[in-house]
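Taken in sequence, the protein lines are chains A and B.
Sequential numbering from 1 applies to the first sequence in the numbering used here.
Sequential numbering from 436 applies to the second sequence in the numbering used here.
Please note: incorrect hints may appear among the correct ones.
Unchecked claim - Calculated lysine to any residue pairs in the SDA-like style (CA-CA distance at most 20 angstroms, straight line):
#1 A:K366 with B:G663
#2 B:K605 with A:G168
#3 B:K539 with A:T370
#4 B:K662 with A:K136
#5 A:K91 with A:G168
#6 B:K541 with A:V48
#7 B:K605 with A:L169
#8 B:K541 with A:K332
#9 A:K136 with B:A467
#10 A:K332 with B:Y636
Claimed, not checked - Derived CB-CB ranges, DEER-like:
#11 A:N220 with B:C486: 36 to 44 angstroms
#12 A:E343 with B:D487: 54 to 62 angstroms
#13 A:E23 with B:D597: 52 to 60 angstroms
#14 B:D597 with A:K243: 46 to 54 angstroms
#15 B:T602 with A:T204: 54 to 62 angstroms
#16 A:K91 with B:V667: 32 to 40 angstroms
#17 A:E343 with B:S561: 36 to 44 angstroms
#18 A:T236 with B:V667: 41 to 49 angstroms
#19 A:K91 with B:T665: 28 to 36 angstroms
#20 B:D461 with A:K85: 36 to 44 angstroms
#21 B:D461 with A:A198: 21 to 29 angstroms
#22 B:Q582 with A:G9: 52 to 60 angstroms
I should point out that these hints are in silico values taken from the structure, not numbers from a laboratory.
Positions of the beta carbon are idealized from the N, C-alpha and C atoms, including for glycine.
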Amino acid sequence: MSTKTITVGRVCRIEGHGGITVEMKDGRPANVQMDIIEGTRFFEPLLVGRHYHEVTPIVMRICAICSAVHAVTSLMAIEDAFGIKVSPQTKLLRDLLVQGGNIESHALHLFCLAVPDFLGYSSVIELASDRPGEAKIGLELKNLGNKIQEMVGGRAIHPVNAVVGGFGLVPSEGDLVILREELEKGIRKALATIDLMAALEVPTFPESPTLYAALKPPSNKFGLFGNKIVLSTGETMDVHAYKDLCNEVTVAYSHAKQSRFRERPFMVGALARVMLFGKFLSGQAKTACRRLGLHKQTDNILYNNAAQAVELVYSIERAIEVVDELLHRGVKKERPRHAEIREGSGTAASEAPRGTLYHSYTFNKKGRLTKADVITPTAQNCANIEKDLRASVERAGKDPVDALREKLQMVVRAYDPCISCSVHLIDLRPEAERG
Amino acid sequence: MAKPIVGIFGLTGCAGDQLVILNCEDELLDLAGALDIRSFHMAMSDNDEDCDLDIALVEGSVVQPEEVEMLERIRSRARLLIAIGTCAVWGGVQAMKNEEQREKLKRQVYGPKGKDFGIIPSQPLSSFVRVDYAISGCPIEKDQFLQAALSLIHGDLPVLPDYAVCTECKMRENSCLLLERGELCLGPITVAGCNARCPAYGQPCIGCRGPVEEANVASEVNLLREKGFTLVDIQNRLRTFGGQSEVMQVAPTERGR
Numbered sequence: 001m002s003t004k005t006i007t008v009g010r011v012c013r014i015e016g017h018g019g020i021t022v023e024m025k026d027g028r029p030a031n032v033q034m035d036i037i038e039g040t041r042f043f044e045p046l047l048v049g050r051h052y053h054e055v056t057p058i059v060m061r062i063c064a065i066c067s068a069v070h071a072v073t074s075l076m077a078i079e080d081a082f083g084i085k086v087s088p089q090t091k092l093l094r095d096l097l098v099q100g101g102n103i104e105s106h107a108l109h110l111f112c113l114a115v116p117d118f119l120g121y122s123s124v125i126e127l128a129s130d131r132p133g134e135a136k137i138g139l140e141l142k143n144l145g146n147k148i149q150e151m152v153g154g155r156a157i158h159p160v161n162a163v164v165g166g167f168g169l170v171p172s173e174g175d176l177v178i179l180r181e182e183l184e185k186g187i188r189k190a191l192a193t194i195d196l197m198a199a200l201e202v203p204t205f206p207e208s209p210t211l212y213a214a215l216k217p218p219s220n221k222f223g224l225f226g227n228k229i230v231l232s233t234g235e236t237m238d239v240h241a242y243k244d245l246c247n248e249v250t251v252a253y254s255h256a257k258q259s260r261f262r263e264r265p266f267m268v269g270a271l272a273r274v275m276l277f278g279k280f281l282s283g284q285a286k287t288a289c290r291r292l293g294l295h296k297q298t299d300n301i302l303y304n305n306a307a308q309a310v311e312l313v314y315s316i317e318r319a320i321e322v323v324d325e326l327l328h329r330g331v332k333k334e335r336p337r338h339a340e341i342r343e344g345s346g347t348a349a350s351e352a353p354r355g356t357l358y359h360s361y362t363f364n365k366k367g368r369l370t371k372a373d374v375i376t377p378t379a380q381n382c383a384n385i386e387k388d389l390r391a392s393v394e395r396a397g398k399d400p401v402d403a404l405r406e407k408l409q410m411v412v413r414a415y416d417p418c419i420s421c422s423v424h425l426i427d428l429r430p431e432a433e434r435g
Numbered sequence: 436m437a438k439p440i441v442g443i444f445g446l447t448g449c450a451g452d453q454l455v456i457l458n459c460e461d462e463l464l465d466l467a468g469a470l471d472i473r474s475f476h477m478a479m480s481d482n483d484e485d486c487d488l489d490i491a492l493v494e495g496s497v498v499q500p501e502e503v504e505m506l507e508r509i510r511s512r513a514r515l516l517i518a519i520g521t522c523a524v525w526g527g528v529q530a531m532k533n534e535e536q537r538e539k540l541k542r543q544v545y546g547p548k549g550k551d552f553g554i555i556p557s558q559p560l561s562s563f564v565r566v567d568y569a570i571s572g573c574p575i576e577k578d579q580f581l582q583a584a585l586s587l588i589h590g591d592l593p594v595l596p597d598y599a600v601c602t603e604c605k606m607r608e609n610s611c612l613l614l615e616r617g618e619l620c621l622g623p624i625t626v627a628g629c630n631a632r633c634p635a636y637g638q639p640c641i642g643c644r645g646p647v648e649e650a651n652v653a654s655e656v657n658l659l660r661e662k663g664f665t666l667v668d669i670q671n672r673l674r675t676f677g678g679q680s681e682v683m684q685v686a687p688t689e690r691g692r
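Make a model of the complete structure from these sequences and hints.
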């Protein structure tokens, strides 16, 4: 019996610190691990004792790339706890902010982190020296997402303007008109991204049966918000029952917890959304989806990059739609809705760039937080990443070790893992022992 | 003049300061042309782990023993070590409850079966190595970073503000959130550089850039007490980002419940 271990000490071009360990026995993978080695920050206990309005600015620091959607989801969970109903204008502006985050994140991942894999470059900088046109498109799209986040959120990273009940300062109609022009130009760049993706050959080595999960948009339109979780098995559940899906378990080799649904790993993210709700896409995003072959079901995670490209088109189109609706309604200088403090719990979910994100809090009668739980997409995806790594090793196990290492990194990178995000905490003590 | 050899590194944090560098979309390619970037794990796959560096930019705080070794190694390679972001400069939000035992937090979060790993209270880089220069902010401000990079490319040390957010806020002619609206604003004791970003959106400064030099914290605390804030709430806010700085330790920490 021969055994060998293949390790990738640190996967590059991902956000955070993660590694891979594969133990082979007789040419087959015996043990496959996605190691999360990022330091822990104990976010949830940090929040205990804080006033409800202090929670969001702290918790969004979990992650820079998805800070906008962390902020919005956190605010929605707080509002759920206190029964605050925000205005339609606030809902539209939050949608716009989250679309901005989605554009920035997907452009960053596609052009700076993932595409160099497909084209054989070590970074976007190297890509730029050979193919300046493509690198420029990527950076301009990223910049467009950041412009939205700056305008609506007050800062590209860790937005300051989104607060409990609404916004500190609403953008002016003039700002929105200028943004609309930028978005129109952005559509062309996103379609150029589809051209780029269409020309890439997608390898099949990680393919293996996959369970997808995503939030169901309330109307039959593609979207990043919803109150129901849907699985590709057809099962649905309310977001308040998120723990039934996420079932987090700690694993001995990782600082991140893992999720399994009835013992099966599942995938969340752009590919899950497009697989489950791609049929609701409209406009150019619908055409892009067909063009990249995503109207057919796939179990290949490497298509997550294509799904992100489709969502780039979707998010820009949706941002234009939101801007038009805001302009049509006329922007009102609203103050944030007031919170009536009461004892209770609140839960909310949104579709972050990397998948469904859950925030759940409990407050005492003074409005101070007593318990927090945040479940990030990457934590949910970890078990699925291991499944795909295993499938890859089974198919490519005879490759030279360096080639295999590259393939394994490609699988991890396709998930666009956000390792800062995945390292978080949950209170595991039985109810009775909790403070 | 030879291009400065640069390494960009991340310890524990949200990677937001490295992201600010990547967010310099209009300048990134010029920047990459003016610098010889040899290590940037977040954005590159061919990283040189051994070369000497003219400048090391390090984000994040130190929370595990392995990171002390990583940091010492970076220090030994670098002529100038620059801490970027509030985590690297002050310990960041994760230093907020440093007085609580890590073991306890670990068991609370991961349970008895979780991975047993070494963990230490979150500390800034300067607790372990000499830091030549500190650019704070959560995250760092893009313009400030670019100006600093420009100075370094020309062989100068960057000049950073040594005044408070309050000064910038007055220049913008914002109405005062602390005196006029009675909000828990840390503008008077927080280092400037953000152009009073939060007050401009009607939000009080929460001190994300860390304390300004010679901050008069006692006077700020007295003022906030007069406005009716409890010591616990004041302390909580002071320690959100500047938890590790001595000036912020004005009262014993209590758990507000």
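### Query
Are B:D461 and A:A198 spaced within 21 to 29 angstroms by their CB atoms?
The hint (21 to 29 angstroms, Cβ to Cβ) holds, given that B:D461 and A:A198 are roughly 28 angstroms apart.
If you draw a straight line from the CA of A:K136 to the CA of B:A467, is it 20 angstroms or shorter? Holds, at about 14 angstroms.
Is it true that the CA of A:K91 sits at most 20 angstroms from the CA of A:G168? holds, 14 angstroms
Lying within 52 to 60 angstroms: is that true of the beta-carbon distance B:Q582 to A:G9?
About 35 angstroms separates the Cβ atoms of B:Q582 and A:G9, which means 52 to 60 angstroms is violated.
When you take the CB atoms of A:E343 and B:D487, is the distance between them in 54 to 62 angstroms?
holds, 59 angstroms
field: Straight-line alpha-carbon gap A:K366 to B:G663, limit 20 angstroms
entry: holds, 16 angstroms
- Proposed proximity, A:K332 with B:K541 (alpha carbon, max 20 angstroms): Violated, because 47 angstroms separates the two Cα atoms, which is more than 20 angstroms.
Given hint A:G168 paired with B:K605 - CA-CA distance at most 20 angstroms:
holds, 19 angstroms
Practice problem: Note whether the CB distance of A:K91 and B:T665 lies within 28 to 36 angstroms or breaks it. | Solution: With a Cβ separation near 34 angstroms, A:K91 and B:T665 satisfy 28 to 36 angstroms, so the hint holds.
| Distance restraint hint 54 to 62 angstroms, applied to the beta-carbon atoms of B:T602 and A:T204 | holds, 60 angstroms
For this session: Using the Cβ atoms, figure out if A:K91 sits within 32 to 40 angstroms of B:V667.
Result: The hinted range 32 to 40 angstroms holds for A:K91 and B:V667, with Cβ atoms some 34 angstroms apart.
- Query: Hey, B:K541 versus A:V48, does the alpha-carbon distance stay inside 20 angstroms?
  - Reply: holds, 15 angstroms
In terms of the numbered hints stated before, the structure departs from hints 4, 8, 11, 22, listed from lowest to highest.
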